[in-house]
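*Asks:* As a plain string of letters, each chain reads:
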Amino acid sequence: MTIIKMTAAQVARKLIEKQPLFILDVRNTDAYDDWKIEGHNFEYLNIPYFDLLDGVEEIIPKLPTDKDVLVVCAKEGSSVMVAEMVAEAGRDVFYLEGGMKSWSSYLEPIKVGDLTDGGEMYQFVRLGKGCLSYMVISEGEAAIIDAVRFTEVFTNFAKEKNVEIKHVFDTHLHADHISGGRHIAEATGATYYLPPKDAEEVVFDYTPLEDGLTVKVGASQIEVGALYSPGHTIGSTSFIVDSKYLLTGDILFIDSIGRPDLAGLAEDWVGDLRETLYRRYRELVEDLIVLPAHFMIIEELNEDGTVAKRLGDLFAENHGLNIESEEEFRHTVTDNLPPQPNAYQQIRQVNMGKITPDNEEQTEMEIGPNRCAVR
Amino acid sequence: MSIKADVQLDCKGLACPMPIVKTKKAMNDVEDGQILEVQATDKGSIADLKAWSDSVGHQYIGTKEEDGVLLHYIRKSGDDHNVEQKYENTITNEELIDRATNGGIILDVREEAEYAFGHIEGSKSIPMGELENRLEELDKDQEIFVICRTGTRSDLAAQKLAEKGFTKVVNVLPGMSSWNGDLAKKL
Numbered sequence: 001m002t003i004i005k006m007t008a009a010q011v012a013r014k015l016i017e018k019q020p021l022f023i024l025d026v027r028n029t030d031a032y033d034d035w036k037i038e039g040h041n042f043e044y045l046n047i048p049y050f051d052l053l054d055g056v057e058e059i060i061p062k063l064p065t066d067k068d069v070l071v072v073c074a075k076e077g078s079s080v081m082v083a084e085m086v087a088e089a090g091r092d093v094f095y096l097e098g099g100m101k102s103w104s105s106y107l108e109p110i111k112v113g114d115l116t117d118g119g120e121m122y123q124f125v126r127l128g129k130g131c132l133s134y135m136v137i138s139e140g141e142a143a144i145i146d147a148v149r150f151t152e153v154f155t156n157f158a159k160e161k162n163v164e165i166k167h168v169f170d171t172h173l174h175a176d177h178i179s180g181g182r183h184i185a186e187a188t189g190a191t192y193y194l195p196p197k198d199a200e201e202v203v204f205d206y207t208p209l210e211d212g213l214t215v216k217v218g219a220s221q222i223e224v225g226a227l228y229s230p231g232h233t234i235g236s237t238s239f240i241v242d243s244k245y246l247l248t249g250d251i252l253f254i255d256s257i258g259r260p261d262l263a264g265l266a267e268d269w270v271g272d273l274r275e276t277l278y279r280r281y282r283e284l285v286e287d288l289i290v291l292p293a294h295f296m297i298i299e300e301l302n303e304d305g306t307v308a309k310r311l312g313d314l315f316a317e318n319h320g321l322n323i324e325s326e327e328e329f330r331h332t333v334t335d336n337l338p339p340q341p342n343a344y345q346q347i348r349q350v351n352m353g354k355i356t357p358d359n360e361e362q363t364e365m366e367i368g369p370n371r372c373a374v375r
Numbered sequence: 001m002s003i004k005a006d007v008q009l010d011c012k013g014l015a016c017p018m019p020i021v022k023t024k025k026a027m028n029d030v031e032d033g034q035i036l037e038v039q040a041t042d043k044g045s046i047a048d049l050k051a052w053s054d055s056v057g058h059q060y061i062g063t064k065e066e067d068g069v070l071l072h073y074i075r076k077s078g079d080d081h082n083v084e085q086k087y088e089n090t091i092t093n094e095e096l097i098d099r100a101t102n103g104g105i106i107l108d109v110r111e112e113a114e115y116a117f118g119h120i121e122g123s124k125s126i127p128m129g130e131l132e133n134r135l136e137e138l139d140k141d142q143e144i145f146v147i148c149r150t151g152t153r154s155d156l157a158a159q160k161l162a163e164k165g166f167t168k169v170v171n172v173l174p175g176m177s178s179w180n181g182d183l184a185k186k187l
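So the protein lines, in turn, are chains A and B. Read left to right, the first sequence gives residues 1 to 375 (the UniProt record's numbering). Read left to right, the second sequence gives residues 1 to 187 (the UniProt record's numbering).
Treat the hints with care, since some could be wrong.
[Unchecked claim] In silico BS3-like pairs for lysine-lysine, Cα to Cα no more than 27 Å straight-line:
hint: 1; chain 1: B; residue 1: K50; chain 2: A; residue 2: K75
hint: 2; chain 1: B; residue 1: K12; chain 2: A; residue 2: K101
hint: 3; chain 1: A; residue 1: K101; chain 2: A; residue 2: K18
[As the list claims (entries may be wrong)] According to the in silico footprint, chain B covers these stretches of chain A (three or more CB under 8 Å from chain B):
hint: 4; segment: 70-79
hint: 5; segment: 219-228
Hints listed in this document are in silico derivations from the structure and should not be mistaken for laboratory results. Every value quoted in this text rests on a predicted model; they were computed, and no experiment measured them. A virtual CB, placed ideally from N, CA and C, is assigned to each residue, including glycine.
With the sequences and hints as input, model every part of the structure.
*Replies:* Below, the structure written as structure tokens:
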């Protein structure tokens with residue numbers, strides 16, 4: 001029977017539309033346990049490709065005939081080999097083009113909502129890694145917040161929308177993924193902003209992102225305002241866009257809160273995190289829609305695939321915003337933290353401009369889930 | 001420095017799954033207990049060769065990087081459990097250090113590659129297969145504590161030494177596979 005290629009974009013559609021899919025993941029068990037393609041209606045079978053070298057007869061009965069079967073591996077090669085064997089055994093089968101590498105890189109741009117006078121807010125959902133980037137568009141101009149390293153996705157999207165990228169922000173110095181902000185700014189002539197307290201070691205020029213800084217986007221002057229909100233890092237800064245959206249960076253997520261330890265200073269920053277979540281954010285309008293820089297689990301996705309929720313709802317529902325005792329809060333965010341993201345120290349070095357790995361090396365560094373949160 | 005291997009396999013430039021496919025095939029021509037060196041450039045080969053070796057019962061010894069090439073060392077089968085040990089004079093891993101510091105010598109009879117990736121500091125390496133020809137390196141008056149991975153090769157080595165007139169020979173059980181102390185490397 002036949003082998004058909006499935007792209008990361010097609011898998012993303014299946015995920016967002018909650019379609020069923022059977023994933024035969026042929027990576028080794030450690031890699032699979034650490035990180036896989038999550039989906040509401042996805043089923044899984046993990047058998048390393050090297051256990052299938054002598055044949056796939058034993059697994060054929062385990063593969064359903066009433067839904068698509070997708071073979072997945074790290075880079076594609078092994079999934080093609082296994083898919084060929086499955087097809088030879090008489091089944092139709094798909095393989096994931098580019099493997100988990102391409103899944104980790106894929107960005108799905110989704111419109112979150114409208115802004116004043118025809119402006120638009122877009123969220124770029126990196127489903128495989130849980131990173132969220134944003135583009136604010138208004139009458140010929142755009143601002144980008146927390147861009148991931150696939151810069152062409154953003155520059156091409158801006159071209160398509162016929163807008164000029166004027167401002168590029170990073171809410172903080174990222175530790176889980178490589179920022180594309182500086183390179184987008186270099187390519188487009190936009191201004192690149194970074195919180196100075198996170199930027200003490202960076203080796204390139206940037207514009208300081210200070211509390212209260214405001215930029216206007218487009219003729220309708222949509223306001224993007226900075227709010228100093230430390231805790232994940234000492235420089236972490238949030239944005240309020242058009243009095244409607246609160247971009248929280250890695251401070252507040254839908255079902256979790258930021259972890260304070262990725263720059264090695266958990267004990268020092270836990271107080272800042274508490275202050276931001278329990279005082280600064282409390283002073284904001286509850287109808288703001290929170291747009292975080294990450295999601296951790298697919299349950300955080302809305303029906304349309306976006307990751308967004310009203311601030312007031314988070315005050316009510318997010319466990320991390322409902323820990324009364326400071327002592328307990330301190331324990332929650334400093335004890336029993338999840339493992340740190342893959343290569344997070346190297347990634348920080350890259351984002352400071354201290355090392356410049358090639359594309360292949362950057363891909364390796366970013367393998368795995370993002371792990372920026374405490375639940 | 002290079003590590004001695006019985007068979008070498010060039011998988012440089014090959015992407016997954018080829019390094020494993022070729023390794024599996026090459027293993028057919030390797031004898032039990034021999035060392036295969038797999039040269040690869042695909043980074044994924046580290047985790048996969050280790051997991052594959054475990055799943056089929058070969059002993060993954062270790063990987064070192066040399067000029068951008070990953071050198072993986074695997075010992076075929078390597079499963080020498082469940083063989084009855086015949087040499088009677090034995091001690092446990094735990095007793096070894098106390099005893100050996102009183103003038104004894106620890107003789108590691110595993111293959112050179114196994115020794116290279118982790119051995120007891122100060123131990124002497126003579127692979128089992130070379131022992132007969134290197135007896136003159138050993139002192140008959142000294143206590144000799146023979147160790148391998150699981151106690152099987154060291155049992156044979158102890159018997160061999162006894163045959164050749166060494167009287168102060170002790171087999172260390174269970175051996176390096178459950179050694180909890182520090183390890184020295186020679187890579």
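*Asks:* Below or equal to 27 Å on CA atoms is what counts here, so check A/K101 against A/K18.
*Replies:* Distance of about 22 Å is within 27 Å: holds.
*Asks:* When you check the alpha-carbon spacing of B/K12 and A/K101, does it fall within 27 Å?
*Replies:* Holds - the C-alpha atoms of A/K101 and B/K12 are around 21 Å apart, at most 27 Å.
*Asks:* Decide if the proposed pair is consistent with the structure: B/K50 and A/K75, CA atoms, cutoff 27 Å inclusive.
*Replies:* Distance of about 18 Å is within 27 Å: holds.
*Asks:* Verify this for me: three or more residues of the segment 70-79 of chain A with a beta carbon less than 8 Å from a beta carbon of chain B.
*Replies:* n = 5 at 8 Å, threshold three: holds.
*Asks:* Quick check: the segment 219-228 of chain A, covered by chain B? Criterion 3+ residues, Cβ under 8 Å.
*Replies:* violated (count 0)
The structure is inconsistent with hint 5 alone, although it conforms to all the rest.
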